[in-house]
Amino acid sequence: MAYIGGENKPPSAAAGSGCPFCRAPSLDDDDALVVARGELCFVVLNLYPYNPGHLMVCPYRHVAGYVDLTPEETVEVATLTQSALRVLSRVSNPSGFNLGVNQGEAGGAGIAAHLHQHVVPRWTGDANFLPVVGRTKALPELLADTRAKLAAAWAAAGEPGTASGGGPSSPSGSPTGPAAGS
Numbered sequence: 297m298a299y300i301g302g303e304n305k306p307p308s309a310a311a312g313s314g315c316p317f318c319r320a321p322s323l324d325d326d327d328a329l330v331v332a333r334g335e336l337c338f339v340v341l342n343l344y345p346y347n348p349g350h351l352m353v354c355p356y357r358h359v360a361g362y363v364d365l366t367p368e369e370t371v372e373v374a375t376l377t378q379s380a381l382r383v384l385s386r387v388s389n390p391s392g393f394n395l396g397v398n399q400g401e402a403g404g405a406g407i408a409a410h411l412h413q414h415v416v417p418r419w420t421g422d423a424n425f426l427p428v429v430g431r432t433k434a435l436p437e438l439l440a441d442t443r444a445k446l447a448a449a450w451a452a453a454g455e456p457g458t459a460s461g462g463g464p465s466s467p468s469g470s471p472t473g474p475a476a477g478s
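Here the sequence shown is numbered in this note's numbering, starting from 297 and rising by one per residue.
Careful: at least some of the hints might be erroneous.
Taking CB as the label site, the calculated pair distances span [to be verified]:
#1 Val-397 to Pro-456: 32 to 42 Å
#2 Ser-385 to Ala-440: 33 to 43 Å
#3 Ala-402 to Ala-452: 35 to 45 Å
#4 Trp-419 to Glu-368: 27 to 37 Å
#5 Arg-382 to Glu-335: 33 to 43 Å
Just so you know, the hints here were simulated from the structure itself, not pulled from any lab data.
Don't be surprised by glycine CBs; every beta carbon is placed ideally from N, CA and C.
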């Protein structure tokens, strides 16, 4: 019930240990639900997903706004988003996708202090009352199982940002720190 109520959902956090997106790269991929790691950004499952396979592409660096990304970070967000679309298409065969960045609390960001792009697979007729009334959704698969399936498909396809599948492997000089989702 705590999950349904979102009781452990993190607040908008400052950089450091309070920010789930800063903390995730320092954890084991399985524990942090990290699917892939790039040089400047990583891909993680949303802990509070709208649909199975709901991914987020996050820079390692703690920045709130899209315009605060470096040109290199912007390219890697786009590259990893394209990879996420290809992998999700192969693994889950969705009918479509929602892509988006919610900037600021007024823009709908649950964790406004650390930019993250949502990649949400969609299927015809996938909406029901629970996301509207309970602000949550029942999923037919455990997050750990979804992460393992997507990480294996990512590596098998040779997509950019392939993770080792083990523990932390963020690039040197990148702030590390877990992703809970928003």
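Do the hints match the structure? See the list:
Checking the proposed 32 to 42 Å range against Val-397 and Pro-456 shows it is violated: the Cβ atoms sit about 20 Å from each other. Taken as a hint, the range 33 to 43 Å is violated for the pair Ser-385 and Ala-440, whose Cβ atoms sit roughly 22 Å apart. At about 40 Å, the CB distance of Ala-402 to Ala-452 agrees with the hint of 35 to 45 Å. Distance hint check for Trp-419 and Glu-368: the Cβ-Cβ separation is about 34 Å, which falls inside the suggested range of 27 to 37 Å.
The beta-carbon spacing between Arg-382 and Glu-335, approximately 19 Å, falls outside the hinted interval of 33 to 43 Å.
Hints 1, 2 and 5, counting from the list given before, are not met by this structure.
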